[in-house]
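There are 2 protein chains.
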Amino acid sequence: MPELRKDPIIDRWVIIAVERGRRPHDFVVESEPPSGAFCPFCPGNESKTPPEIAQWGRPANEPPNTPGWNVRVVPNKFPALTHEGALDRQGLGMFDQMNGIGAHEVVIESPRHDWDFASATPEETRDILGAYVARVAALREDERFVYTLVFRNIGTVAGASLAHPHSQIISVPIIPGQVKEHLDAARAYYMQKTRCVFCDVLRQELSMHDRVVEEDEHFVVLSPFAARFPFQLQIYPRRHSHDFTLMTPPEIEALGRTLSRSLHRIRETLGNPAYNMMVQSAPHEHSRPGHPEYWGTLPQDYHWHIDILPRLTKIAGFEWGTGFYINPISPESATEYLREATV
Amino acid sequence: MPELRKDPIIDRWVIIAVERGRRPHDFVVESEPPSGAFCPFCPGNESKTPPEIAQWGRPANEPPNTPGWNVRVVPNKFPALTHEGALDRQGLGMFDQMNGIGAHEVVIESPRHDWDFASATPEETRDILGAYVARVAALREDERFVYTLVFRNIGTVAGASLAHPHSQIISVPIIPGQVKEHLDAARAYYMQKTRCVFCDVLRQELSMHDRVVEEDEHFVVLSPFAARFPFQLQIYPRRHSHDFTLMTPPEIEALGRTLSRSLHRIRETLGNPAYNMMVQSAPHEHSRPGHPEYWGTLPQDYHWHIDILPRLTKIAGFEWGTGFYINPISPESATEYLREATV
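These protein sequence lines map, in sequence, to chains A and B.
Read in order, the letters of the first sequence correspond to residues 1 to 343 in our numbering.
Read in order, the letters of the second sequence correspond to residues 1 to 343 in our numbering.
Possibly wrong hints are sitting among the right ones.
[As the list claims (entries may be wrong)] Here are the simulated lysine-lysine pairs, DSS-like style, with alpha carbons at most 27 Å apart:
1. A/K193 x B/K193
2. B/K48 x A/K180
3. B/K314 x B/K180
4. B/K77 x A/K77
5. A/K48 x B/K314
6. B/K180 x B/K6
7. A/K314 x B/K193
8. B/K193 x A/K180
9. A/K314 x B/K314
10. B/K180 x A/K6
11. B/K6 x A/K180
12. A/K6 x B/K77
13. A/K314 x B/K48
14. B/K193 x A/K6
15. B/K77 x A/K314
16. B/K314 x A/K77
17. A/K180 x B/K180
18. A/K193 x B/K180
I should point out that these hints are in silico values taken from the structure, not numbers from a laboratory.
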């Protein structure tokens, strides 16, 4: 059973996800899965994943866990957290721990092993983003979970262990410290100014226009002012909203287009770099006063967005020791290069 | 000129260290420097580094920047921050920036290219730790800097760009947000209990003894309770002290032994993994009330220590999105493996 442990000094939890029998030298192996190797996510191999939770594309009268799907959601076979059980918080002297209850799902984004989000069709992105929205909405019904993250790891350097394109969804029973820090800062700004800090950033970026890679009616793509990573991008909805599951169908369509174009710009400009993508959205709203993880959602003060981090630089001692990152290219030059890419 | 920029949402600065003419595809190249390639840190090549700041081993009557040294300190040839100039803080609409003033030095740890800290002699570690102490003490005299970090990156995955063993020292004009978070938490604990939280953790770890890898009269080596990385180690001095430059000569000798043994345990247990090592010590004490980065050092509440992070796992979307890490081995098993290593 995985375990959550809290750092005794600061508000930071860690998942201790012990895989049985893993010995020290198993950690050092670190190789790209060979192309042509067996892929559990390819159609025909549905029995090699845990039974599917949802799918898009296969007619409802056909049996589950068979080919015919366009997008398929399954539990992670090696989950970081366990779905079964009640939360159990414990002290251990001055330390705090909790059993590792949570959800860990995989969104298989296409039946095609060599599919790429950067050249996706509108129908494909609609189904994938639809899967994100549907699964996050469903996971929120579980009162044990208070925060859910949707993310994609592309490339070994970015932590992908399988090459077949997929996203992951993790629900956790606490609001992570780093998320709280952003929520608290946005709340404090809102309380002082009665304006959303993200809306203010967006307004300033649109008027300066030095870091705006592209924009349309619904979304703005920025290379953020204090980017920690070279060519880092953020995608913000123009319409203030704290929760990405509240997107309208035209917004979902527009986001698919924008996301695919942004990933295409990165591919064009940088070759095929590894990257991480995260959907940053508000915590679950069912966490109420009295709940140990109560945060008290104010829909006005948080603004959901997507972060894309190309993994071009190494995280080294200085960054680990201080949290202070060194970015070797200015967001303004990164923006110029990314704007020039043909999409 | 490098630039410091503050995240508009949270208290987090970034160094934008633009290297002129670096184009997008230059970022993607990522290879181990070939063994046998020219090494600017090897004896005989002293003219290939900026002129030395200090050295240990060469008689004082011999010319500087010539062979004969055991440890040599030089400015970083590609510094993340510039040493020359006055601090200049500016606003840019709602954004905050500052010119990138700081120090960035390199401690070349041995004339031997294939030298390894894990098998160092007591004389070698004494000179290296002596260099750390001397340089940090000197950098503190500069009133522009308020925080200094000593760190080592070993292996390409951990961010090392040269294989010749070296450490780095960076001084910055702000107290980084992550450092402040630890200082604040330690201060709050001290104010409530009139005890150092690190001393309390140490006491509990020594009495439980599940995560103590080794201990002697002066130092204790732990795999921390909420380790974010597999086989992460922390070295704490038993004697409460907020500042590692206040070590006594016997403590410096003991630390050299302990550090070298710990790195040896990691090498024995895991092969030759990449790792980062950081010396976490209190901010400079000259930062006084009225100084914009005043923190107000209380020597009682912070406890310096060393962190060693073997780089065996990838940082992926979940970690970036939440700050919540997944560690696939419990610190208790890591401790058992590391204890068994022959040293």
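Status of each hint after checking the structure:
1. A/K193 x B/K193: Between A/K193 and B/K193 the Cα gap is close to 37 Å, so the pair fails against 27 Å, i.e. violated.
2. B/K48 x A/K180: Status violated; Cα separation ~47 Å.
3. B/K314 x B/K180: holds, 26 Å
4. B/K77 x A/K77: Since the Cα atoms of B/K77 and A/K77 sit roughly 47 Å apart, the hinted pair is violated (cutoff 27 Å).
5. A/K48 x B/K314: holds, 25 Å
6. B/K180 x B/K6: holds, 15 Å
7. A/K314 x B/K193: violated, 40 Å
8. B/K193 x A/K180: holds, 26 Å
9. A/K314 x B/K314: holds, 11 Å
10. B/K180 x A/K6: holds, 18 Å
11. B/K6 x A/K180: holds, 18 Å
12. A/K6 x B/K77: violated, 40 Å
13. A/K314 x B/K48: holds, 25 Å
14. B/K193 x A/K6: holds, 20 Å
15. B/K77 x A/K314: holds, 19 Å
16. B/K314 x A/K77: Given pair B/K314, A/K77 holds - Cα atoms ~19 Å apart, limit 27 Å.
17. A/K180 x B/K180: Judged against 27 Å, a Cα distance of about 16 Å means the pair holds.
18. A/K193 x B/K180: holds, 26 Å
Checked against the numbered hints above, the structure violates hints 1, 2, 4, 7, 12; every other hint is satisfied.
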